[in-house]
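> In case you want the letters, here they are:
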Amino acid sequence: MYGYIIRRLWQMIPTLLGVILLVFLLFNWVGGDPAYVLAGKISSAEQIENIRRQLGVDQPYYVQLWIFVKQVLTADFGASWSTNEPVSHIMTTRLGPSLTVLIPYLILSTLVAMGLALAVAYVRGSLTDRAVMIVCTVGLSISILVYIIVFQYVFAYKLGWFPVQGWSDSFGQNLVVYGSLPIIILLVVSIAPDLRLFRTFVLDEINHDYVRTARAKGVSENRIMWVHVLRNASIPIITHVMAQVPGLLIGAFLVERFFSIPGIGREVILAVERSDFPVIKAITVYVAVATMVFTLLADLMYKAVDPRVQLK
Amino acid sequence: MPFDKPQHVISPSLWALAWKRLVASRVAMVSLGIVAAFLMLIALSASGLIAKDWARETGVNYAPPSFLGEDIEQAGQPAAPGGPISASDKPTELPIQDPLADAIADIRGEKKAPGSEAPSGESQTVDPLADVMADIRAKGTQATVAETRASTLPFGADKWGRDVLKKTIKGSETSIFVGLAAAFVATLLGTVFGAVAGYYGRWLDDFFNWFYSVFTAIPYLLLILAVAAVLQQKGTLTIILILGLTGWTGTFRLIRGEYLKHKGREYVQAADAIGASNGRRMFVHIFPNVSHVVLVQLSIYTVAFIKAEVILSFLGFGVPVDVVSWGSMLNEAQNELILGKWWQLAAAGTAMALLVTAFSLFTDELRDALDPKLK
Amino acid sequence: MEPLLSVRNLRVNFRLDEHTTFEAVKGISFDIPKNATVALVGESGSGKSVTSLSMLGLLPKENASVLPGSEIIYGGRNLAALDQTELRELRGADISMIFQEPMTSLNPVFTVGFQLTESLRLHLGLGPGAARKRAIELLAEVGIPDPEFKINAYPSQMSGGQQQRVMIAIAIACEPKLLIADEPTTALDVTIQKQILDLVAELQKKHQMSVLFITHDLAVVGDIADYLVVMRNGEIREQGPARTVFETPRDPYTKALLQCRPRLDRRPVRLPVIEDFMNGGGHTMNLAERKRGLAGSDPIILDVKNLGKNFYSREGLFGRRKFEAVKNVSFKLPKGKTLGLVGESGSGKTTVGLTLMRLHEASSGEALFEGKDILAMSPREFMDYKRRIQIIFQNPYASLNPRMIIGQILTEPMQIHGIGASAQERTELAFELLQKVGLPEVSFYKYPHEFSGGQRQRIAIARCLTLKPDILICDESVSALDVSVQAQVLNLLQDLQDEYHLSYIFISHDLAVVKYMSDEIMVMNQGAIVEIANSDDIYRHPRESYTRKLLSAIPKGWHHGA
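Chains as they are written, first to last, in our numbering: chain A, 10 to 321; chain B, 26 to 400; chain C, 2 to 563.
No wet-lab data here; the hints were simulated from the structure.
Glycine included, every Cβ here is placed at the ideal spot set by N, Cα and C.
Just to be clear, a hint being listed does not mean it is correct.
[As the list claims (entries may be wrong)] What follows is a list of derived Cβ distance ranges for each label pair:
id, chain 1, residue 1, chain 2, residue 2, range
1, A, N231, C, S30, 34 to 44 Å
2, B, L229, C, N307, 40 to 50 Å
3, B, W44, C, S379, 44 to 54 Å
4, C, N36, B, G289, 44 to 54 Å
5, A, P95, B, F209, 53 to 63 Å
6, C, L83, B, S38, 44 to 54 Å
7, B, F209, C, A82, 50 to 60 Å
8, B, L229, A, W38, 53 to 63 Å
9, B, V52, A, I15, 46 to 56 Å
10, B, G304, C, K373, 24 to 34 Å
[Stated by the list, open to error] Calculated lysine to any residue pairs in the SDA-like style (CA-CA distance at most 20 Å, straight line):
id, chain 1, residue 1, chain 2, residue 2
11, C, K447, B, S36
12, C, K35, C, H20
13, A, K167, B, K286
14, C, K62, A, W170
15, B, K286, C, R359
16, C, K292, C, M279
17, B, K288, C, F312
18, A, K312, C, T112
19, C, K62, A, L212
20, B, K288, C, P380
21, C, K292, C, Y540
22, A, K79, A, Q63
23, C, K62, A, R232
24, B, K288, C, A141
25, C, K292, C, I533
26, C, K447, B, S38
27, C, K62, A, I244
28, B, K45, C, K292
29, C, K62, A, D218
30, B, K286, C, E362
31, B, K288, C, A422
32, A, K312, C, S314
33, B, K286, C, R404
34, C, K206, C, N234
35, B, K288, C, N526
36, B, K288, C, Y398
37, C, K557, C, H450
38, A, K312, A, I244
My request is simple: use the sequences and hints to build the entire structure.
Now the structure itself:
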């Protein structure tokens, strides 16, 4: 077990190096000289010269790469090009609001989609099943933008049930007042794809021989569904949800932007708009690290719930 | 391969049988019909036969759809999906404004898509795009200057009086073309990488797996946005490349798995035993047996990339300002909705939902029809 | 005496698609007496499993339906007409069932104990403690060693034989009156099969229950069946007491089933095939004994010395675990003769075949083909020898490329090796070979999916013959086929050997088939050779205890039991 974890951590090193190389190539090589990027955005020539010196633009690429590797290892990406706020400060302060929305959403969506998936799989092949699947396909086909625009307009702007946008310093107020409409929208948007996916997980299990065995034992259909099938289907579901977490930090950028939630996703959009490279670089590298760690956690979780898996 | 007997005695192949199953499914045929209609529409619009003059300002500003009748700006307006708008909802009182709008406009005024001010906090009313709009208007109206503006249009008009219906057709052209082209690039890359890695294994597999793990470590959207941030010039080709070059990972994983599986299958071992070369085994023997996966991937990607293009263009990182797509339409529609002008939102949203629904349903049916388990 | 269960006019329909239905069971009637074992025998597609599933209402409800008028009378009630709630009370309590694949039939994420106590608590209402105690007793009863410990094990931590024992423990937990066993030993090795058969027979007597034993192999039930029901294509061909059916079968199909399977005590020149019996009595069977065995002076075509094959799996930080699939295997293959290769799963017999073809790379040893080591050759050099060693695989459904017509499958090898001067000539050769393996010319234009398993195996044989090989490796080539089809393919292989003087390496887990086909037999266990000898000698005078164990486990059919 420990051997496995150490080997997996060891294997992350080449991946991390690859990510660093990719980001470096993108921003230092394709992106080119920050002087051109920043022309017209920062008026002070002195400031631009400062940035160029920091990045070692006039030095060979390997020196620039080494500067970047040092930045990653020391978690010091300098300051934002546009606001001068330290990047490390941006990262730490934006994480909280993102998680305030994402954690409740993740728990709710998993539970709701799982329950619905079992219910739909229970009546598989019926008219209800087919109708739900069609509704899911249609729901999936509507752009997330339409959901956000319409929901914000109807529930916040017209009906006034929620604030149109905003954020406060109080966690409770954020969660209940400002966070609830974004969470609802995320739920509505994600329920269709999750339900479809979880349903196939459940249906895969229903066709297994052990279900027939349970039936031959005289176990009721309800118990088969909620005990035998659920336990097996939860394995791919848990792995799926775990692997999803880091991507969500970014994935929620649209609601964060529409509702002015000062989270990581909104920060990415702002940074892209302002060509604020240090912020994008930092977020990309650290989200990649988070993804790798969560993939490992998902595999360990897999081991915990599935006795067949032997980690070597 | 030449045969001394006429070809017509050859039995239906698995492809023919799959097609037969597909034809037998009503859902598949209806959705295929809708997709085909869209493709025909964009072919006509691309060749300039229809919607060529989408940028012409043929109606009055915010001309309502004909079926609503003209005078809806006054009281007693009929109920519409967007909800009735009371007279007090003046645009100037809107609470939603972008605090960065002017800053951004300052920074890169000429790059901004029309009406891309996204709501995100505080209150202040500015239209940073006045000059851009003027520019566009000048372009659009070059040919036709003093023409009477229509008071209603089949599906209404936008802020500048351009026909929403024509705009939607033109927008479909952009969005579908981007989706298809990017899907083609991504599927091609994923298939080639996956086939090589899965078939040859060893260090090639290690290399491509490393490549794959690097690309999947970065969440897909973040990768797209990062590339968009770096590539300063906007254009349809740029966005196709962004989506295609970053999106190959899913196909890679699937095709690599398929090649690994088929490599060990007995028919491939038999091909090895009769002396078939690696290339022959890879392309003549295995590829036709995994091509259905490629086909399904292609259509899944098309849907995913259409959606991604819409989001990117909405944010202003997508198609350039003089090109209309569903994303840029939704961008304009966002502010129009608050004024009660729901038709552009409805037009772009419905067109996209219709196509994507049809495409997804067709993909599902295609997958079922090609499912080797049924054989 | 009143039977325990009576099936009357049972008809089951399967819906294939919206327009077509398929009648899998066509109005059958039979009885299961109390305290007796009834064997339901049939080949694939006979409807035997469908019959058993319909008794408990376990047919997939999406596409299968028991037609009205069907009766399954048990305890005065018609099971075919009961609703699911009523059936559920019977399932596992009065009637229980075990299946073919014990591995997939047990729920992988629950312990053996959980799955065993579930039945006890459900039907007998035992508390957790009492159920656990009873479960340990049951595990001991079915012969699981160390049951107090094994009750906490997951199915994946047990061997296939143990898993099937657990399935049996679950099935007998509530003292059912009827145990339905659906091919319970088909997925198991022959020695394990014997143990499970003995266990079922013992439990049947001990618990005074009835057993419905479903199998495709008549030989398996020779020892245990009191009554026989023979099915084919959804109909009952013959039924009666086991002695009567085995000794004086009336139906030609039953006769064919009894005769088609190779037997240990006889080796006819050609095996009887089903047509010999079905088309009236006018059969001309050549039942003269065939002479097999090595003379000692036969020229050697392939000389394998110290062949080894290792596989590696990753472990720990940098570690690799070595697994020796084949250890130090040496043998000689004489020209025109058959070397049989037998062993249980994991014995390495298939790996030997694949390594000789260089489909796996050998780890050590050499294989001299006419004096040259084919394992050490460069791929280019080997190309010429590749043609001369060909292989026929086990699964007829996987060994033909589904996207190619038979014509392409047959002409491709000739094209690669430059056999035949023109496409025209190759096509003619392909037609000739189709005729040789007994397929009509029109097959040339068809796709593999249009053929049955036996026909596909003939096509695979024809594909090998296109290259005019010297050695043919048959890797479990008839194991997936029904008994009646198996006899036809074996006859074809015999004919081809007689005509072309081919050398065979015949790999199989089925000792009777190997005995029938081979001159010399090599017994393998865990990658190593146990014993190698002339085939008649090895069956008459096995030297090693492992060989004796294997031989004693072979189902002997009725003649042994009588």
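> Please list, smallest to largest, the hint numbers that this structure does not respect.
Result: hints 2, 5, 8, 12, 13, 14, 16, 24, 27, 28, 31, 34, 35, 37 break, sorted rising.
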